[in-house]
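As you go down the protein sequences, you meet chains C and V in turn.
Just so you know, the first sequence maps onto residues 1 to 245 in the working numbering.
Just so you know, the second sequence maps onto residues 1 to 473 in the working numbering.
Wrong hints could be hidden among the right ones.
Derived SDA-like pairs (lysine to any residue); straight-line CA-CA distance at most 20 Å [unchecked claim]:
(1) C:K70 <-> V:N472
(2) C:K19 <-> V:W447
(3) V:K417 <-> C:K19
(4) C:K192 <-> V:W416
(5) C:K59 <-> V:W447
(6) V:K471 <-> C:R30
(7) V:K449 <-> C:G177
(8) V:K417 <-> C:R66
(9) C:K19 <-> V:K435
(10) C:K169 <-> V:W416
Some residues of chain V that are not near chain C, with every Cβ distance over 10 Å (derived) [unchecked claim]:
(11) K69
(12) K76
(13) K281
(14) N472
Listed next, with one range per pair, are the computed distances between beta-carbon atoms [to be verified]:
(15) C:K229 <-> V:S448: 15 to 25 Å
(16) C:D121 <-> V:S410: 41 to 51 Å
(17) C:Q157 <-> V:K298: 30 to 40 Å
(18) V:Y393 <-> C:N225: 43 to 53 Å
(19) C:N225 <-> V:K298: 34 to 44 Å
(20) V:Y393 <-> C:S39: 16 to 26 Å
(21) C:K229 <-> V:Q37: 40 to 50 Å
(22) V:I431 <-> C:K229: 35 to 45 Å
(23) V:K458 <-> C:L120: 57 to 67 Å
(24) C:S204 <-> V:S247: 51 to 61 Å
(25) C:S39 <-> V:S455: 22 to 32 Å
Quick caveat, the hints were computed from the structure, so don't treat them as lab data.
Predicted model, so just to flag it, every value in this text is computed and none were measured.
Beta carbons are placed, not taken as given, at the ideal position from N, Cα and C, and that holds for glycine.
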Amino acid sequence: MSNEAYFLGTCIVDLFYPKAGIAGMQILQREGVEVIYPSGQTCCGQPAFNSGYRKEALKVARAQMRCFPKDIPIVIPSGSCAGMMKYHWRDLFEGESDFDSAMAVAERVYEFTEFLVDKLDINLTDLGEPKQITIHTSCSSRNEMKVDDKIETLVSQLSKVEVLEQERKSECCGFGGTFAIKQADISGSMVKDKTSAIKATNASCVISQECGCMMNIGGALEKQNSQIKTQHIAQFLWDRTNASS
Amino acid sequence: MLQAKPLKSRVDDALSNEQLHTNFRSAMSYLVEKRSQQFPDKEDLINSRNAASSIRSNSLAKLPELLIKLEENLEKNNIKVHWAETDDEANNIIYQILKEANAKTVAKGKSMVTEEIELNEFLDSKGIDILETDLGEFLVQLANEKPSHIVMPAIHKSRKEISRVFADHFPEFPYTENVDLITQQARKILRDRFRQADAGISGVNFAVAETGTICLVENEGNGRMCTTAPPLHIAVAGIEKVVENLSDVPTLLNILTKSATGQEITTYFNMISSPRKEDEKDGPSSMHVVLLDNGRSKIHQNNVMQETLKCIRCGACINHCPVYTQLGGHAYGTVYPGPIGITLEPQQKGITELGDLTSLCSLCGACGEVCPVQIPLPRLINQLRSETVEGDYMKQFIEGVGSQRKPIESFTWQIWKYIYSNSFLYSICSIVITKLSFLSPKRVGGWSKYRVTPSPSKVSLKQLAKQAGIKNE
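Please construct the entire structure, taking both the sequences and the accompanying hints into account.
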């Protein structure tokens, strides 16, 4: 079937932002995609890979491969998980006997907003109230997947949403996975700079393609007693375009 | 010398210094903006980076052959060539040349490779008077510090701090915070020095094998003075600085100055192809080039890490690094800071000593995007990270592979591996975590110092997907 697609929810969405995941799947279904969510999926291996533990990352990555056997797209609501599979699995599986099968899986990976814009050519109708937001394009969406323009394209289709630009928009928020634990004070200083820039826009909400960044930025905003909310793009789009929500 | 304190306390010092943060934030923003103005067309930038990258790759692919050709052509041009395997060897060679020429005072142009071998300290201990003549380096030397950036060594200093350093060392000049006046004062001091110096020492930006030409990029004219006024000139270069042809130079020069300082071209560009000839009125009567290995040929042997040597020292990766912007250069405790520093230094000095530097990176990828010669810095940093905790295949190239593996961290990843590679085990854990989400810790180490700790959702995506009747294959 040509309109089938896998949804790889990612480990962080599974346990911390499931609503973003389900919203993503609902949007795909509404656009006529027959969504398959393989329940055996866990994680792309990124956390261990970025911490230097490649043998462990390889084992976990390998376990995903059998979850996505069909030759159909794999849609992922995260730039970094998509980037991990699309670009870093190459390094991870290098010299392994299943290198070719890993590459065959990696080739079918799409970041969620990329899939909506490039593959579905989606047209959105904004049903929400007027809102001022700011966008956090994650580093992996920008530097690795090169899909940072897709979130902008999607939001620009929402007639009642005004996007406010922040200073140093393309600078890292300081998350970086285990970086935020290992170099907690540097990461803390980075997220402080990021939240200052976000607050200065007067937006009521930060939208992102990446739940890791959201956890970082949202957690810092909450700690600073800010009223600014963070939301994943999938949930933001679903909430604003779904008649019954 | 900068390594005296452990990394953690160097980082703490940097982060607690508000002035430093302000200095670096504004300097880096300025440099990032200036660079981007030089590359208005994305397509042009891609083409320039491709061209520069392939020139550098070619240099590395033919490195041994090009170095021999370089030596031949330099010698043909009456430039004496010396090979140094280590920093000690390089220092001793330079000292011997100075001694033979009876040179007691040296005027030095800006050079990172001489920082790498700690030439100033060495010559100082031998009683040679060595003076930095690049304004930034001059200030750093006066303040008894080290450069905090490879292109702008005194960028950590505010105007006020610079004025203070000057006033303390040169009470004969009135105190001023006027940059132009300070520069004029420095000019006076340095001009005298150029007149008196017995020798000039410089670095090298590009060494052209085809013609035996040494290229030097600078803005202040001090480089030209150092290499022309004194009777003896010694240039020090890492062996990777060689390029094959003279026609390679414009491409590299163009992207170097744009990437480094956002200049279309620097004020001075020196191409030195011989000492003074009989019919010439100026230039040194003798010239030497010291070609330094210092771990480079070992890096060159490794196919993945070899790309480190493509670097043309523009500093763009540093200027765009969010971690460097927070810390400044001194916290790294190494000669080369920022992304290129944490890539190069652990390879040169070993993982036992410097492996922890690889943690100074959020893997944001900004460095890899701006590198004019397309060094995949994030990929190399990630690779090095794995060398710090595991990996045996780099053992012959890098000292201390696996030496940073810590039992608790390693145990955590083992547990993670077992849970996440077994979907049944993961489902059970996932149910327990979501059911008991109210028990999740409110504080998680350094994370909760700056952020609220996230609680797991009461229901997982897996459960939601099942409830929504989404196909499960």
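Verification of the supplied hints:
1. C:K70 <-> V:N472: holds (13 Å)
2. C:K19 <-> V:W447: Given pair K19 of chain C, W447 of chain V is violated - Cα atoms ~24 Å apart, limit 20 Å.
3. V:K417 <-> C:K19: Violated, at about 26 Å.
4. C:K192 <-> V:W416: violated (30 Å)
5. C:K59 <-> V:W447: violated (28 Å)
6. V:K471 <-> C:R30: Measuring from Cα to Cα gives roughly 15 Å; hence the hint holds.
7. V:K449 <-> C:G177: holds (16 Å)
8. V:K417 <-> C:R66: Cα-Cα ~17 Å, so holds.
9. C:K19 <-> V:K435: Roughly 17 Å separates the two Cα atoms, so the pair holds.
10. C:K169 <-> V:W416: violated (33 Å)
11. K69: holds (34 Å)
12. K76: holds (44 Å)
13. K281: holds (52 Å)
14. N472: violated (5 Å)
15. C:K229 <-> V:S448: 15 to 25 Å: holds (20 Å)
16. C:D121 <-> V:S410: 41 to 51 Å: holds (47 Å)
17. C:Q157 <-> V:K298: 30 to 40 Å: violated (54 Å)
18. V:Y393 <-> C:N225: 43 to 53 Å: About 50 Å separates the Cβ atoms of Y393 of chain V and N225 of chain C, which means 43 to 53 Å holds.
19. C:N225 <-> V:K298: 34 to 44 Å: Given a distance of about 53 Å, which is not inside 34 to 44 Å, the answer is violated.
20. V:Y393 <-> C:S39: 16 to 26 Å: Once the Cβ atoms are compared, 36 Å apart, the range 16 to 26 Å for S39 of chain C and Y393 of chain V is violated.
21. C:K229 <-> V:Q37: 40 to 50 Å: violated (36 Å)
22. V:I431 <-> C:K229: 35 to 45 Å: violated (28 Å)
23. V:K458 <-> C:L120: 57 to 67 Å: Distance hint for K458 of chain V, L120 of chain C is violated at roughly 31 Å.
24. C:S204 <-> V:S247: 51 to 61 Å: About 57 Å separates the Cβ atoms of S204 of chain C and S247 of chain V, which means 51 to 61 Å holds.
25. C:S39 <-> V:S455: 22 to 32 Å: 23 Å Cβ-Cβ, so the 22 to 32 Å window holds.
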